[in-house]
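Protein chains in written order, with the numbering used here: chain A, 1033 to 1522; chain B, 10 to 194; chain C, 3 to 104.
Just so you know, these hints were derived from the structure itself, not from any lab. Do not take every clue at face value.
[Claimed, not checked] Calculated pairs, DSS-like style, for lysine-lysine (alpha carbon to alpha carbon, straight line, at most 27 Å):
| hint | chain 1 | residue 1 | chain 2 | residue 2 |
| --- | --- | --- | --- | --- |
| 1 | B | K186 | A | K1510 |
| 2 | A | K1066 | A | K1386 |
| 3 | A | K1484 | A | K1138 |
| 4 | A | K1386 | A | K1397 |
| 5 | A | K1401 | A | K1386 |
| 6 | A | K1066 | B | K186 |
| 7 | A | K1138 | A | K1066 |
| 8 | A | K1386 | B | K186 |
| 9 | A | K1397 | A | K1484 |
Chain by chain, the residues run as shown.
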Amino acid sequence: MDFQPPIINLLIVAPLLITMGAGLFLMLLNIFCKRDGVYYWLTLAAIAAALVQNVAMWGHEYGTFIARGSYPMVVSDNFSVFLNSILLLSGIGTLLISRNYLHRTKLERPEFYMLMLFSLSGMMMMGMANDLILVFVALELLSIPLYIMAGLAVSRDDSKESAMKYFLLGAFSSGIFVYGIALIYGATGATALPAVYAVLEAGSPLAMAGTAFLMVGFAFKIGAVPFHMWTPDVYEGAPTVVTAFMSVGAKVAGFAALLRVFTVALPAMSDAWMGALALIAALTLIIGNVVALMQTNIKRMLGYSSIAHAGYLLIGVAAAGQHSEAVGSVLLYMLAYLFTTMGAFGVVIALEHKLGEGIMLEDYKGLAKRNPWLSAAMLVFMLSLTGVPPTGGFSGKFYIFRSAVEANLWWLAIIAIMTSVVSGYYYLRVVFYMYMFDGDRTEPVYAGTALKTGLLIALVGTLWLGFFPAGWFELAYKAVIGTTQLLAGG
Amino acid sequence: MFGLEFDQIFFVLIAAVTLGFSVLVVTMRNLFHAALALMVAFLGVAVTYVTLGAGFLAMAQLLVYIGAISILIIFGIMMTRRIMSAEEEPFNGQAGLAAFTAVIFFAFTTYVFINYWPAVPAVSPLAMAPEVDPAMIDNSVVLLGQAFVNPNAYVLPFEVASVMLLAALVGSVFIAKPRIQEAEA
Amino acid sequence: MIPMSWYLIFSAALFAIGLYGVMARRNAIAILMSVELLLNAVNINLVTFWRYRTPDRSVGLAWAVFVLAVAAAEAAVGLALIISVYRNRDSVIAEELDLLRN
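Chain A on its own, in the form it takes in the complex:
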């Protein structure tokens, strides 16, 4: 038997290899080097290198892992490049805002950086995976480090409690998720997404049941109602940097896989999942926004707010069942969500002077006097989360609502606009506290250089998306075409 070496296109997994390799390297380094700063800078360099490599792949459509043979395991197209850029940016953002925080709270450990790199690799794999098996394994690679990172503050009960709750519900949802994809495998005899698409008949009840369980699993991961109950507790209990990382990274990765699986493998059943997702989106919007009104803890409030934003993103996914252009609006919204959320958590971190202190709404009283720049930044982020022009949040919502209307989801667009108005109350309440009240504390708030850099990037991103959304939307739209081509090409 003559041996033919397989032609492997390692280039398309290069960003993943960089982040995974860096994680492994840090593990080895841990034996020799005890200085924490080294790990920080190495991680930052690795993620930046992966980002550069990833951006260089834009527009090339490098295609698949292997040049010939059956359906590929991973694909690299503009869609995955766009999502990986968001994920890598969220990694950089997390590192920037965590620099002083980890020092201050004595949480800086090499394990934090290793786990973050591994989790980031899993997240990137989610958007590239072209096979249900790989989606499942990537989901676990994403989740398991996050469970541990949520419990990073080992000396605090609430951190460990939230880690355990996150773990138990995460493991539970993984079980439902994998049961769902097992049913789809049973219905089609295939696991590669294009192969599932090729075989699947509309209205196959088994595949329908599988899709339903798959949806439940995804809903857990992205924190959509009625499977959202872990979100506020975990967001509150986890160290704030981890909360920031999971609120952007885990959510974007969940949506990445959701979009790819549903639009590539399951368009035959788009009528069914479109309706279901629209319903979940409506519930998520209403419950997320209304419960957020009652929160006095800013991390908890941002937790409910992230549930609400999952609702807005779900509108776009539901609309993608009608026309693939809606995927572009989801991508744009994710970009706006990335900058805004990272920025908001950056401000929360700046104010959290001790672990678990300074995170109540009360603590924001008089911030405008203590640090005018910080409160101005928070003002922009809160306006962006509400969706007031000219911020990124407005641009994101505008395109999402437009795609909802184009997909004849009028009622959903109306609910979304009404809940946006409601959300203005709790977001602007933070602004009101910052500018209208005098607090007990008067000493200035110290923000380190890294945090300032992070906030500046977030601010520029938010405003840039707000003032010039058209160019960004074109970019996001180019990322959609890749997916559709793949869909047509099989």
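With chain A held as given, fit chains B and C onto it using these hints.
Then chains B and C, alone, in the frame of chain A:
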């Protein structure tokens, strides 16, 4: 008996034992006993694999689930509880809702399986296993091994899974190791 | 010969029992055991689909091995978390769980 063939009777027995012991797992007050019941349930599942011709997986089930996971769970119970006197209320306030959900789930999936299986309409609902050369089943382990190192197949998930196991290992050690410095501080 | 749906119903029953356990139990270790039951149910499905649908390809078997690996990783992480929670407090929070409420 009831017109059943031998292997069908055997399957029903194994299924009954497995399900019975898994009910014990989720209802028993004493966690240690529940963990022992879990081992029997795992064993039943391993026997099910044998009836399906997946001998390798049955072996893996024995080694990983019974040999490793069950033991790990029993260690966990022993390290966190006074096992012989643990007799508290096992259920939270949601037991009724949970039972309802479980019954609805079972009814729904069973309905789907029985009425619509398989997706190809020409085949009877009670689809039997396709007649295959026994050599193919015997050869499945070879195929499986090749698939794990074949870039056309599962080399990527395999590598990702190995990194995942590594992350789990690092994370478990990190989270569970005693922190002497912090206790002093 | 055993009809395919028998295996699937068996697996669905096992999954339902696990589902009940996850939602109804108060103790974290008991919930973890229920999750293991869920993953076993999935594996029965996968092996059944392999034997009845694609015996010529190793998709289902390979997948079942991945589920096995995931189960092992989850058990390790879960017990580490439970033990570390227990170390801080003797009356374990892990024993007053109600996963459906927040």
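May I ask which of the numbered hints given earlier this structure violates, with the numbers listed in increasing order? 1
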